[in-house]
Amino acid sequence: MRVTLSLALPTELAVESEKIGARLARLRVARHISQTEAALRAGISRNTAYRLEKGDPGVAIGQLLRYLDVIAPGKSLQSFFAESDPSIAALGERERKKRVRSLSKKELEELNF
13 MRVTLSLALP
23 TELAVESEKI
33 GARLARLRVA
43 RHISQTEAAL
53 RAGISRNTAY
63 RLEKGDPGVA
73 IGQLLRYLDV
83 IAPGKSLQSF
93 FAESDPSIAA
103 LGERERKKRV
113 RSLSKKELEE
123 LNF
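Converting from the sequence shown to the numbering used here requires adding 12 to each position, the first position being numbered 1.
These are calculated hints, taken from the structure and not from any lab test.
A few of these clues could be false.
With a straight-line Cα cutoff of 20 Å, these simulated EDC-like cross-link-like pairs (lysine to aspartate or glutamate) come out [what the hints assert, rightly or not]:
(1) K31 to D68
(2) K66 to E30
(3) K31 to E95
(4) K66 to D81
(5) K66 to E28
(6) K66 to E49
(7) K66 to E105
(8) K87 to E119
(9) K31 to E121
(10) K118 to E105
All chains, full assembly: derive it from the sequences and hints.
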């Protein structure tokens with residue numbers, strides 16, 4: 013009988029698992045590494061990488077550690093949880109620097125009430 017692990021976990025732990033996955037995905041994106049490339053280097057399938065980044069609790073800790081080592085070589089699990097990586101800070105800066113264009117005359121007229 014197959015059991016879905018996310019359903020077997022208490023809600024708080026499932027949320028934590030999803031946060032870890034999201035943090036992994038954000039670190040990978042910040043370092044400009046594709047999911048496929050990271051999976052290949054870690055020796056896991058792209059589907060497993062996807063599951064890691066979605067916070068699937070059924071993925072082995074060894075796979076998570078190999079994936080982390082590919083994304084951030086030499087980074088410890090402790091520093092991963094501390095979110096002290098400079099690439100994350102740079103990603104935050106890039107996200108904040110999105111250009112905002114001026115409104116067109118038509119848009120200004122629509123907003124002028």
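Each hint tested on the structure:
For the given pair, K31 sits about 11 Å from D68 by alpha-carbon distance, which is consistent with the 20 Å threshold. Pair hint K66 plus E30 holds up; C-alpha atoms about 6 Å apart against a cutoff of 20 Å. Between K31 and E95 the CA atoms are separated by roughly 12 Å; this keeps the pair inside 20 Å, and the hint holds. The hinted pair formed by K66 and D81 meets the criterion: a straight-line CA distance of about 18 Å does not exceed 20 Å.
With a C-alpha separation of about 11 Å, the suggested pair K66 and E28 falls inside the 20 Å cut-off, and the hint holds. A distance of roughly 17 Å separates the Cα atoms of K66 and E49; the hinted pair therefore holds under the 20 Å criterion. Among the hinted pairs, K66 with E105 is inconsistent with the structure: their alpha-carbon atoms are about 24 Å apart, more than 20 Å. For the hint linking K87 to E119, the alpha-carbon distance of about 48 Å lies beyond 20 Å, and the restraint is violated.
Proposed proximity of K31 and E121 is contradicted: the alpha carbons are some 43 Å apart, above 20 Å. Distance hint between K118 and E105 is unfulfilled; the C-alpha atoms sit about 32 Å from each other, more than 20 Å.
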